[in-house]
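Going down the list, the protein sequences come from chains A and B. So for the first sequence, our numbering puts the first residue at 1; every next one is plus one. So for the second sequence, our numbering puts the first residue at 400; every next one is plus one.
Be aware that one or more of the hints could be misleading.
Stated by the list, open to error - Straight-line alpha carbon distances no greater than 20 Å define the calculated PhoX-like cross-link-like pairs of lysine-lysine that follow:
1. B:Lys498 / B:Lys628
2. B:Lys773 / B:Lys411
3. A:Lys397 / A:Lys35
4. A:Lys3 / B:Lys659
5. A:Lys325 / A:Lys265
6. B:Lys628 / B:Lys489
7. A:Lys229 / A:Lys189
8. B:Lys402 / A:Lys229
9. B:Lys588 / B:Lys628
10. A:Lys265 / B:Lys402
11. B:Lys796 / B:Lys723
12. B:Lys796 / B:Lys434
13. B:Lys664 / A:Lys12
14. A:Lys229 / A:Lys90
15. A:Lys397 / A:Lys324
16. B:Lys433 / B:Lys724
17. B:Lys664 / B:Lys628
18. B:Lys402 / A:Lys260
19. B:Lys724 / B:Lys796
20. A:Lys260 / B:Lys411
21. B:Lys628 / B:Lys659
22. A:Lys12 / B:Lys659
23. A:Lys3 / A:Lys99
24. A:Lys374 / A:Lys12
25. A:Lys397 / A:Lys316
26. A:Lys229 / A:Lys265
27. A:Lys3 / B:Lys664
28. A:Lys260 / A:Lys229
29. B:Lys628 / A:Lys3
30. A:Lys265 / B:Lys498
Hints were generated in silico from the structure; no laboratory data involved.
Now for the letters of each chain:
Protein chains: 2
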Amino acid sequence: MPKLNENYLNLKESYLFSEIAHRVSEYTKANPDKKVIRLGIGDVTRPLSENVIAALHEGVDAMASSDTFKGYGPEQGYEFLRNAISEYYKKNGVDVEPKAIFISDGAKSDTGNITDIFGNDNVIMIPDPVYPVYVDSNIMCGRNNIVYISATADNNFLPMPDRSVHADLIYICSPNNPTGAIYNHEQLKEWVDYALENEAVILFDSAYEAFISDPSLPRSIYAIEGAKKCAIEFCSLSKTAGFTGTRCGYTVVPTELVFKASNGKEMSLNAMWNRRQSTKFNGTSYIVQNGAAAVFTDEGMAQCQENIKFYQENAKIIASVLDKKGIRYFGGVHSPYIWFECPNGMDSWTFFDYLLNNAQVVGTPGAGFGENGKNFFRLTAFGGRENTIEAMERFDKLF
Amino acid sequence: MPKLNENYLNLKESYLFSEIAHRVSEYTKANPDKKVIRLGIGDVTRPLSENVIAALHEGVDAMASSDTFKGYGPEQGYEFLRNAISEYYKKNGVDVEPKAIFISDGAKSDTGNITDIFGNDNVIMIPDPVYPVYVDSNIMCGRNNIVYISATADNNFLPMPDRSVHADLIYICSPNNPTGAIYNHEQLKEWVDYALENEAVILFDSAYEAFISDPSLPRSIYAIEGAKKCAIEFCSLSKTAGFTGTRCGYTVVPTELVFKASNGKEMSLNAMWNRRQSTKFNGTSYIVQNGAAAVFTDEGMAQCQENIKFYQENAKIIASVLDKKGIRYFGGVHSPYIWFECPNGMDSWTFFDYLLNNAQVVGTPGAGFGENGKNFFRLTAFGGRENTIEAMERFDKLF
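Isolated chain A, as found in the complex:
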């Protein structure tokens, strides 16, 4: 009989967003006449920008003729896209060589699969609350030595390193999902210093970097000196360019990340990730990569910026109602997420049901992101304008 991966028995029953989908589906089945507005999953709603659409069509056309047809591409991604991303970093003042950049079908795959290249006996530091994939993907491979770092209203959901605690791997997400909180340069520097002192690796999720509107705030961990010796960065076009359904992300594994194995042999994380991807991945669709490259042109960036401004306006609409109601919230400025305290002391799943049943608005219960989220709730600015306005009008009336 096959031995199964019994670590799966230690996972929570269902992935957060599957549970939300399930509850919403039950509700709409029972109430087919009610208009449900979804501000739950961090999913964009604006169409892809014109020049991305043109590049995607061009990619499809290439597949229609023998002369331009593309078969297997490099598992690491096409050079044209790796170079374009390297240039994009340069524009933000950060030097990242194309060799360090691996194109994928999205940050979720990479943040999940990155566990493959590490051993089982690391001390893993994960903020609470945070994007559930970090915890789940570690539990799945039986890595239970997790130290949670507490993000609360008291520290503005920006926990700082505690030098009395050692870690080998540190997950950081900034701008944060779900709280919208963002570390400044000095704070991130403290994390990099802590990592270097501990010879730890930071797994830095910068999927929301495009929402940073203050140029003094770091959009990449590599804006911090020393980070190339201690950090892997995950990035995505999902939020930057509306690629949630188109699927493209990238991960930076600097060649400087070299550590000793127990036998003293040096192992390069860049080489390991390269081997992992070469063996268990076959590259992202050429069509999608061609579309992705268009994002990094000047025209593409300008068009994406328009969409981001649109979402930032939504965030303001949400925030203004919370302000009016005197509800304490975080995020919403350099982030598409608004993270607020559930009214009337409700716990977050109770509030989820309450809001769904009474205002037909879907949000995300904070409990899904960790213990510290149990009295918080996440709304996203990714809805349409009218829906966002209507949802917040209903919210306004309800409280």
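Given chain A's structure and the hints, the job is docking chain B onto it.
For chain B alone, coordinates are given in the frame of chain A:
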């Protein structure tokens, strides 16, 4: 300091096809005037069929407008595609429910990632020679309890179960990569019976099923009675519809596959794979899935069949020269691969270099697929017609 996955130290230096690419690149750099013909990597060269191109454009267009825009899709794939694949199975006389079908970005990802849901202490049976991902992905997670089953010219590269040996997981690839050998109904039945007797799971790779031209040969493991209780099937549009650069595959995990954990609790492999994919994957690009669905229409199947016939004709061209030279070979009928004994007793890497240097033809050395491949060589029928003819003319002159 982070503990790394030191199992990577047990991998062969480089993934087979990376090594080939490296040698070819060195050769072309040194000989820029020579025309190299690549019949090495099993990569298609014919453009996508017209109706797939149309559906891909349609998918892109959907992304251009708010009304039709697609954000995150189901991690398991869109229902329209899961249903279409279920219908495709039905046409081949096999009943597979949509719930068992998981859409992915390709069979390589799934055959690699499937290790995630199994434990570390299984006896794993892997044919030699075979597609290197099976061995490498197991070595990567430290699963060294591998029993190799010997595929040789003596058994026509179709090893049968040895009932004196127990296995928990069994990799089978039919039509086989690299040998082109294919199991018939009776032979596969013997494997299914063996798996049921051992309560083992067969990991069945049917990426090349579309090349089967004899309707009496099984295109799916589920054509065999009892297989749903013991088999997972991996399939791909790479070879069926030329999707090597477009990226789409699917994996069937029947809901019947339920086994007991050590604590007696029943675990469903379908539920486990669903959880794995929900946590570490975010679905295949909508654009690509829309294109993939077009493959399964009557028009799509007819168009794909034309391409497959084209490649089958190439296989005949290759085989006829081997016939003429009296070189023993396998495959090439229900498979795009021709697997032949290296002439003059050469080992396969020596022959690789010899053929590259003297005929500028790239093939795949059998040693890359296992010990039993060390005196064999794989050529693929996926080249263009003129290139295939020219390559075999060069081959003809060389020996």
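Hints versus structure:
| no. | hint | result |
| --- | --- | --- |
| 1 | B:Lys498 / B:Lys628 | 15 Å, holds |
| 2 | B:Lys773 / B:Lys411 | 15 Å, holds |
| 3 | A:Lys397 / A:Lys35 | 16 Å, holds |
| 4 | A:Lys3 / B:Lys659 | 8 Å, holds |
| 5 | A:Lys325 / A:Lys265 | 60 Å, violated |
| 6 | B:Lys628 / B:Lys489 | 19 Å, holds |
| 7 | A:Lys229 / A:Lys189 | 13 Å, holds |
| 8 | B:Lys402 / A:Lys229 | 16 Å, holds |
| 9 | B:Lys588 / B:Lys628 | 13 Å, holds |
| 10 | A:Lys265 / B:Lys402 | 12 Å, holds |
| 11 | B:Lys796 / B:Lys723 | 12 Å, holds |
| 12 | B:Lys796 / B:Lys434 | 16 Å, holds |
| 13 | B:Lys664 / A:Lys12 | 16 Å, holds |
| 14 | A:Lys229 / A:Lys90 | 19 Å, holds |
| 15 | A:Lys397 / A:Lys324 | 12 Å, holds |
| 16 | B:Lys433 / B:Lys724 | 25 Å, violated |
| 17 | B:Lys664 / B:Lys628 | 18 Å, holds |
| 18 | B:Lys402 / A:Lys260 | 8 Å, holds |
| 19 | B:Lys724 / B:Lys796 | 10 Å, holds |
| 20 | A:Lys260 / B:Lys411 | 19 Å, holds |
| 21 | B:Lys628 / B:Lys659 | 13 Å, holds |
| 22 | A:Lys12 / B:Lys659 | 19 Å, holds |
| 23 | A:Lys3 / A:Lys99 | 38 Å, violated |
| 24 | A:Lys374 / A:Lys12 | 15 Å, holds |
| 25 | A:Lys397 / A:Lys316 | 18 Å, holds |
| 26 | A:Lys229 / A:Lys265 | 18 Å, holds |
| 27 | A:Lys3 / B:Lys664 | 12 Å, holds |
| 28 | A:Lys260 / A:Lys229 | 13 Å, holds |
| 29 | B:Lys628 / A:Lys3 | 15 Å, holds |
| 30 | A:Lys265 / B:Lys498 | 46 Å, violated |
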